[in-house]
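Residue numbers (the numbering used here), protein chains in the order written: chain V, 141 to 284; chain X, 141 to 284.
Note that these hints are calculated values from the structure, not bench results.
Don't take every hint at face value.
Copies of the same chain look alike in the list, so a pair counts if it fits in one copy or across any two.
Pairs of lysine-lysine residues, derived as DSS-like cross-links and limited to a Cα-Cα distance of at most 25 angstroms, are as follows [as the list claims (entries may be wrong)]:
id, residue 1, residue 2
1, K180, K253
2, K142, K253
3, K265, K253
4, K180, K146
5, K265, K142
Remember, predicted model here, so these are calculated numbers, not experimental data.
There are 2 protein chains.
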Amino acid sequence: MKISTKGRYALRLMLDIALNDAADPVRLKDTADRQSISVKYLEQIISQLVRAGYVKSIRGPQGGYRLMKQPSEYTVGMILRQVEGNMVPVSCLEDEAIDCERQGQCVTLRIWKELDTAMRSVLDKYTLADLVEWQQEIGDNYII
Amino acid sequence: MKISTKGRYALRLMLDIALNDAADPVRLKDTADRQSISVKYLEQIISQLVRAGYVKSIRGPQGGYRLMKQPSEYTVGMILRQVEGNMVPVSCLEDEAIDCERQGQCVTLRIWKELDTAMRSVLDKYTLADLVEWQQEIGDNYII
DNA sequence: TTCGTTTCCTAGTATGTCAATATGAAATAT
DNA sequence: ATATTTCATATTGACATACTAGGAAACGAA
Numbered sequence: 141m142k143i144s145t146k147g148r149y150a151l152r153l154m155l156d157i158a159l160n161d162a163a164d165p166v167r168l169k170d171t172a173d174r175q176s177i178s179v180k181y182l183e184q185i186i187s188q189l190v191r192a193g194y195v196k197s198i199r200g201p202q203g204g205y206r207l208m209k210q211p212s213e214y215t216v217g218m219i220l221r222q223v224e225g226n227m228v229p230v231s232c233l234e235d236e237a238i239d240c241e242r243q244g245q246c247v248t249l250r251i252w253k254e255l256d257t258a259m260r261s262v263l264d265k266y267t268l269a270d271l272v273e274w275q276q277e278i279g280d281n282y283i284i
Numbered sequence: 141m142k143i144s145t146k147g148r149y150a151l152r153l154m155l156d157i158a159l160n161d162a163a164d165p166v167r168l169k170d171t172a173d174r175q176s177i178s179v180k181y182l183e184q185i186i187s188q189l190v191r192a193g194y195v196k197s198i199r200g201p202q203g204g205y206r207l208m209k210q211p212s213e214y215t216v217g218m219i220l221r222q223v224e225g226n227m228v229p230v231s232c233l234e235d236e237a238i239d240c241e242r243q244g245q246c247v248t249l250r251i252w253k254e255l256d257t258a259m260r261s262v263l264d265k266y267t268l269a270d271l272v273e274w275q276q277e278i279g280d281n282y283i284i
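Whenever a hint applies, use it, and build me the whole structure from the sequences.
Shown next as structure tokens:
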């Protein structure tokens with residue numbers, strides 16, 4: 141019942157790009173240094189975010205990544221779901237779930253549904269813009 | 141980010157014992173039949189619940205298991221935590237977590253803390269007694 | 001045109017967790 | 001004594017996690 145490093149890193153990666161948005165796009169090398177995550181691992185993670193249309197890439201020297209939309213348009217849940225899968229607590233709640241014969245009688249399902257709702261309400265309440273704001277309150281020491 | 145079978149089965153197991161409480165204690169064999177879970181797997185799961193003092197065992201013929209307390213005294217969260225571990229969404233929130241140097245600057249931690257709180261509020265809101273009630277509303281067809 | 005930089009793509013790998021099964025011992029009611 | 005039931009430990013196969021590795025493709029600058 142844990143969020144994987146992939147999910148957590150994806151969030152830090154998106155936040156890092158949002159925070160370091162400038163004339164030049166953000167290079168993975170710099171994010172890797174700031175976040176203490178290997179470039180190679182970040183490459184894998186960001187490829188999913190590129191495919192999802194969350195970031196765009198610019199290749200070659202002075203290349204890097206840029207957010208496609210405003211930070212306020214990305215909820216934390218959107219980012220996590222993109223790299224972690226659907227983020228539901230039990231597979232019965234997945235869209236592709238095969239109907240379980242026990243479903244009609246399953247009272248634990250009520251708990252899982254409410255848990256899912258509670259998780260969504262938090263993860264979809266906050267956006268990258270919130271994280272950016274919080275980070276800026278703390279100060280620039282975050283940025284190398 | 142999924143609850144394991146062990147957690148889900150533990151809940152169904154506790155519920156099954158609560159529902160089938162009678163003169164004789166509940167045999168794992170019967171629970172296994174009703175719940176379509178192997179006896180061997182249930183043995184492993186229940187051993188953790190015995191050690192935790194949640195159920196008591198009676199050995200030998202006419203043996204089985206009984207709840208130690210009233211169903212209303214077991215929250216869903218208690219049961220899950222017993223077999224799943226601490227159920228926090230990121231290891232930073234574990235009691236035994238080594239302090240992360242990034243902690244002071246980590247704004248994502250705020251999200252994880254709020255997520256954890258939201259999850260707890262659901263999982264500790266409901267007890268076995270609620271599940272028993274719901275199950276009895278549905279009807280006896282649950283019990284073979 | 002060449003060179004270095006940066007992203008892109010695929011494969012591999014070590015470790016661990018999950019979801020059980022298997023084997024047999026210990027206790028105990030009849 | 002015997003059958004029943006719990007108790008304890010080991011083993012297994014499949015899969016996921018968390019990476020690393022190697023090289024190709026794009027592209028700006030010299």
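Here's how the hints hold up against the structure:
no.	hint	result
1	K180 - K253	neither (37 angstroms within a copy, 29 angstroms between copies)
2	K142 - K253	both (18 angstroms within a copy, 13 angstroms between copies)
3	K265 - K253	both (18 angstroms within a copy, 14 angstroms between copies)
4	K180 - K146	within (12 angstroms within a copy, 35 angstroms between copies)
5	K265 - K142	both (20 angstroms within a copy, 21 angstroms between copies)
Checked against the numbered hints above, the structure violates only hint 1.
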